[in-house]
Amino acid sequence: MGHHEPGAVTTLEAFSVVVLRTSRTAEVTPHVGIQVHIFPTTRPCVTINQLPMSTRTSLLTRRTFLQGAAILGVAPAVLASRAFSADSADERATPNNRITLGHIGVGGQGSGLLGRFLGDGGTQVVAVCDVDTERREAAKARVETQYAEATRSGTYKGCAAYNDFRQLLARDDIDAVVIATPDHWHAIISIEAAKAGKDIYCEKPLSLTIREARAMVEATRRYGRVFQTGSQQRSSREFRFACELVRNGYIGRLQTIHVNVDGPSQERYLPEEPVPAGLDWQMWLGPAPDVPFNKERISWGGWRSNRDYSGGGMTDWGAHHFDIAQWALGMDHSGPVSITPPNGKEVAALTFEYSNGVKLFHSSKANGADVNGVLFTGSDGKIDVNRGYLKTWPAELSQTVIKPDEIRLYESRDHAGNWLSCIRTRQKPIADVEIGARSVTVCHLGNIAYWLGRSLKWDPEREEVIGDEEAARWLDRPKRAPWHL
Amino acid sequence: MRFALLVAASCLLTFSVRAQDNETDTLLKEFKGESTTVARTSNELATAYQQVLDTLLPEMSSADAGKQGAAIENWQRISIHAARPGAAAARSAVVHATASKLTPDVPSTTRLYLFKVLERIGRAEAVPVLTIALRDSDPVMREAARRALQNNPAPEATAVLRAALERAIESPAVVTPVQQAEEDWTIGLINALGYRRDTASIPMLAKFRGSGPRTASAAIAALGKIGGSEAIRVLPTFITNPDRAPSEQTPSAPSTQSNEVTHAILQAADGMARNGTSNERAEANGIFAYFYRPQYPQAIRAAALRGLVITRGNDATPLLFEAMTGPNVQMQNIAASFVADIPGSAATQAFAALLPRLPDTSKVTLLGQLAARGDVAAHVAVLEQVKNQSPEVRIAALRALGSVGGPTDGVLLARLASTTRGRERDAARESVARLRGTTVNTVLLQALQASNTPAALRTEVIRGLASRRATAATSVLLQTMRSKDAPVQHEAIAALGVLGDEHIAPLLVNLLVTTASGTTRESAAQALANIYDRRRGKGATSAAVLSALRNASVASRIQLVGLLRHVGDEAALQATRTALKNSSSEVRDAAVRSLAEWPDSAPLQDLLAIARSDRDITHRVLALRGYVHLSGNGEKPSAERVQLLQAALGAAGRTEDKKLVLGALGNVPDVASLQVVEPFLTGETNEEAAAAIVKIADGLSKDNNTTESVLATVRPLLATVAATSRQGDTAKNAAQLLASLDDQASRTWLVCGPFPMDTDEQFEKAFEPEQAIALEAQYNTTIGKKSYVATWREIRAKNNKVDLANFYPPTSGNIVEHAFVYALGYIYSPTERKVKLAMGSDDGIRVWMNDALVWSNHAHRPARMDEDVTDATLRAGWNKVLLKLENNTADWQFFFRITDDQLRPVPGLKLSTKPQF
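Protein sequence lines, in the order shown, are assigned to chains A and B.
Residue 126 in the working numbering sits at position 126 of the first sequence; the count goes up by one each step and never skips.
Numbering-wise, the working numbering comes out as the position in the second sequence, counting from 1, plus 485.
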């Protein structure tokens, strides 16, 4: 039943909040007295005490879940939740302080992440969620089979499977979630997860739009969550080292960066096909426009190249390589000031310009030579870096040892492990949400410049387009009801 | 006569249509920004855009996906170009033209695309037509109009959305599953007003407190987004559901909403705390204080606490302390993490002062936060925690010390490293390396020289100096390397290997040959190896080693010979050759091993000789392995590598050795290596040969320059492997590779060029290949100042993409720019069939199918697969496809696929580069 406490009003209008403004500080203590009073101006009084003190999270109650679980025959494993024990400074987990995880999206990348966390002694996967029944059930079976191998009885039935992520988030025995859905879902699920008090590992690219990325940062900060963006190149030695070389001036004054990734997504016009059995198509679409099913939309390459769901290669590999460019530039809390698309004439490649004069090009070639991944060119040398690849000019740069008084960047050797460690210590992870947001913003700005075919001026402080109101309308896009941020 | 008149009239009509088509084409180019903009009045603009849209509209509804996509894409590009800054009249004209077509006679799918245009560029002038569309009986149209209004910056759009919501309130949806769509409509309007942060909607949104939970949730969220005092006043009223009798209320709805209300209030308060007036900040502060009370769920308390940190700044320190020492472990940690939100040295000191009073969990988190701040103001407090009882706290303190420590902490950390183990010792060592300031090195060096420093500490101090790359320590270390204490001596020698250069090499060599200790000798050799590896070719010579070799004992000689490969100069090679003849078998063994790991391929022939004829089988095997390894060194042409490996096969006595060489041949993607490997497909080496053939073929298939004649050699070999291999995936991989060789995705094209593009108009100029195909012809062309002889050459696609960037030698580092090439291919279809041509190009592309122009797009863009789609007919038998590819500047690539309606590759086609007519 609802919380109808004594004195509850039965009319609607004329409430006001009055803050007893004595002075700003210590007079207002959170534990003593109520400083916020709500009372009707003309009607019987009600106070904000009517707000219930439920420990339930925003969408479903734990009781509801447990009832549901009982109905579904799910026997939630007896797992100690909340992993913040005294030995939290490192990965010394015991069965009593394992971090309980829910995986949302268990397709290609999600399946890989599931394998990573299933193999981690510090975590316990207790739920999976996918709108594709076959994938969902396969993931559940995989979890239960793997955990069963570690039990004496050889059986284990402790992994729930959900079609709707809201049911997973409503469980208060889940500490953290791993989100690996297509991009158009990232923001909504992440923000709801933060509100539900979960820590978050969200695949890159962080968001579908620039405004979504900022909303994700705000929610993460508001609820004090640990958020790792899945741009795992930050946890690779070669990229960190390359960025340290650049930051410490080993190639002299940085002049240009070339990033070799594929281009933007496009609008796709696809005919209707029957929805496959077991796929919740409406839930797959979620906030995206309501369109008929076509299997290309849900195939990896298909949704990646479709503007309704993703920013294409620019945000896919771009979320890795532009991210590394931002790291080397020291622009993790900033971004470019102008973006110019190629025009077939004097501008050969999409060009980002930063306030320090460095130009960042989206191009597979630099002066006719191939760019492997990210090529940094300075006044005294060059560095080309990619996964498992580092080439420097001069060659001996690759033997450099960064000294104590030089800039040393955040070091993580295991992206997922870094997240788990930070969940325990409440530090910011290597690819904190702000970093993910800033990097994906670079990718999105590139896409907008490509799509519009004109230069943009960008204020990275305010995150606003300057002097082009119509371009500013591409910073976000409407969502289909009932979804919103 | 009558017939003649009819023909004349028909010709006139055709001419007139063509003239109009040409005019529209010109407008199309101009409006997409591909040609110069012509000055026009508003009326002229309206007429011109209308004319273009009139032309495109029928194609937008075409059943042909290619035509439809192209027309939509064209209008989209036009609308985007019209919405550029400073072109208000053009934008308005496009909006009016678009709006004029939102009539019931236009198919609904087409109208959806038009709505999308309005969503992106419509302003006040789009509102009337969207207002009408909001009442459309088709929910899909209504939704498209709602989206367009949500994204429309004009205030009129807000007013229309508000009015639509009013109507929805007047006739609320009865919530049943069937009518969920109606409820979603209301929710969509609520979301739109929330998105637009429309404060005038607040009273209306308040009315949804009596609605079903989904609608009420949307209204709550919208109010949270709109924010401000008024929204905050309204939000609590959603907690109860006064419009319904208690019996009608579902058990979960009110409580679910109450949480949502709380989140919304916190969001609104956040906005006031960040951007509000001082009064609003005070109001936000009160709200945060209220929700921080312990009765609330942790997530809400966390948000409230952070709000208090924002509103109070430094004054929130006591609150954080209270939380960090409170009973709730999760809140302890969260509070500690908010330390990062209060900047400044005073805050650092305040938080550091809290450390002694915190529970261990919070200590660990706060130490991490203090480390991240890197503020020396925390130094003393962190130092205190190094002595904590809890190992986790000690480790966190040791790590933090690396960031906030002072000059003397290097020795302290070294001492701790000398008395601890495991993670604690690792943390101490890492922090020694990270401590900032050159004084740290000075203090460490003093400790090293002090007579009363215990040996264990000296060892750690030396390690620390090495990890800090303290080259100033070298001279002291040269004395320490003679220490009587074995661990100290070992550490000093190792440190010299890290810090030293060729100048200290003679001293280390001297130690190596004079020491009686085998351990010391090995340490010295390892340190020298490190120095020579680092300094090879940069000043290091073999002089010191060669000098020592003259009178060295056997034990020393073995180490010295082993060092020769690390120096790697000519004298070192000669000395190693001499050592091959040494009377000591151990020295000879060291020489063979040194040669086998030589840094370059200089000793290849020495190794081959040993592999062929040495009496010692171990030496023969070592030499062969070394030879095979060195044959792949550097950037030798593949023909040379094949030759070297062929010689190795001759020297390989045992089957295992042959297998080793076959494996190496697999890494040389050259037709010559195929020929060397082929004879080994029978006998004991058959599987290794098969695997090598698949690997070579794979490499060749990925090479754009592999010719059809090479593929003719590859195909039968792959077929043999597919049929005969019995191991692992070799047969399967061979079969797959064989199939892919004839797949469109990796097809071979004949390419001829470059031809000059001096002006944009030359995009339509017919160069010679357009007039007739003459595969043996040569055309003299000039691009800029450089002359070319254009001939037909093969290039292979990779994953459907053909990269032309390096097809012609770059000039001054730049690829050929402002140029065209022609690409030619032949396709066999068993039957006549309708197909799609799916293309992408950087930059422009023209396509002829059986000599008829079927596609032309003068675009400036990066290449993206399937960006252009058009239809074509393949006739039964062979078809000729000719492409003209333009490059303006930089990248030069294209995609070309023949697909069905669903853009799937058409099966059963045969591909060829040979003319089939």
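Since the hints were derived computationally from the structure, they do not count as laboratory data.
Just so it is clear, CB atoms sit at the ideal spot from N, CA and C, and this is done for glycine as well.
Any given hint might turn out to be false.
[Claimed, not checked] Straight-line distance between alpha carbons at most 35 Å, and here's what the computed DSBU-like set of lysine-lysine pairs gives:
no.: 1; chain 1: B; residue 1: 552; chain 2: A; residue 2: 359
no.: 2; chain 1: A; residue 1: 382; chain 2: B; residue 2: 1286
no.: 3; chain 1: B; residue 1: 552; chain 2: B; residue 2: 1144
no.: 4; chain 1: A; residue 1: 359; chain 2: B; residue 2: 514
[As the list claims (entries may be wrong)] Covered stretches of chain B, going by a simulated chain A footprint (3 or more residues, C-beta under 8 Å):
no.: 5; region: 540-547
no.: 6; region: 814-825
no.: 7; region: 989-1000
[What the hints assert, rightly or not] Using C-beta positions, here's what the derived DEER-type ranges look like:
no.: 8; chain 1: B; residue 1: 1120; chain 2: A; residue 2: 462; range: 29 to 35 Å
no.: 9; chain 1: A; residue 1: 464; chain 2: B; residue 2: 799; range: 44 to 50 Å
no.: 10; chain 1: A; residue 1: 394; chain 2: B; residue 2: 1393; range: 36 to 42 Å
no.: 11; chain 1: B; residue 1: 1100; chain 2: A; residue 2: 394; range: 25 to 31 Å
no.: 12; chain 1: A; residue 1: 330; chain 2: B; residue 2: 1393; range: 53 to 59 Å
no.: 13; chain 1: B; residue 1: 1194; chain 2: A; residue 2: 154; range: 28 to 34 Å
no.: 14; chain 1: A; residue 1: 166; chain 2: B; residue 2: 574; range: 44 to 50 Å
no.: 15; chain 1: B; residue 1: 1213; chain 2: A; residue 2: 462; range: 32 to 38 Å
no.: 16; chain 1: A; residue 1: 394; chain 2: B; residue 2: 1274; range: 53 to 59 Å
no.: 17; chain 1: B; residue 1: 1114; chain 2: A; residue 2: 281; range: 43 to 49 Å
These are the hints, each one checked on the structure:
no., hint, verdict
1, B:552 with A:359, "violated (39 Å)"
2, A:382 with B:1286, "holds (28 Å)"
3, B:552 with B:1144, "violated (57 Å)"
4, A:359 with B:514, "holds (31 Å)"
5, 540-547, "violated (count 0)"
6, 814-825, "holds (count 9)"
7, 989-1000, "violated (count 0)"
8, B:1120 with A:462: 29 to 35 Å, "violated (50 Å)"
9, A:464 with B:799: 44 to 50 Å, "violated (31 Å)"
10, A:394 with B:1393: 36 to 42 Å, "violated (54 Å)"
11, B:1100 with A:394: 25 to 31 Å, "violated (45 Å)"
12, A:330 with B:1393: 53 to 59 Å, "holds (56 Å)"
13, B:1194 with A:154: 28 to 34 Å, "violated (60 Å)"
14, A:166 with B:574: 44 to 50 Å, "holds (48 Å)"
15, B:1213 with A:462: 32 to 38 Å, "violated (58 Å)"
16, A:394 with B:1274: 53 to 59 Å, "violated (38 Å)"
17, B:1114 with A:281: 43 to 49 Å, "violated (56 Å)"
When each numbered hint is compared with the structure, violations occur for hints 1, 3, 5, 7, 8, 9, 10, 11, 13, 15, 16 and 17.
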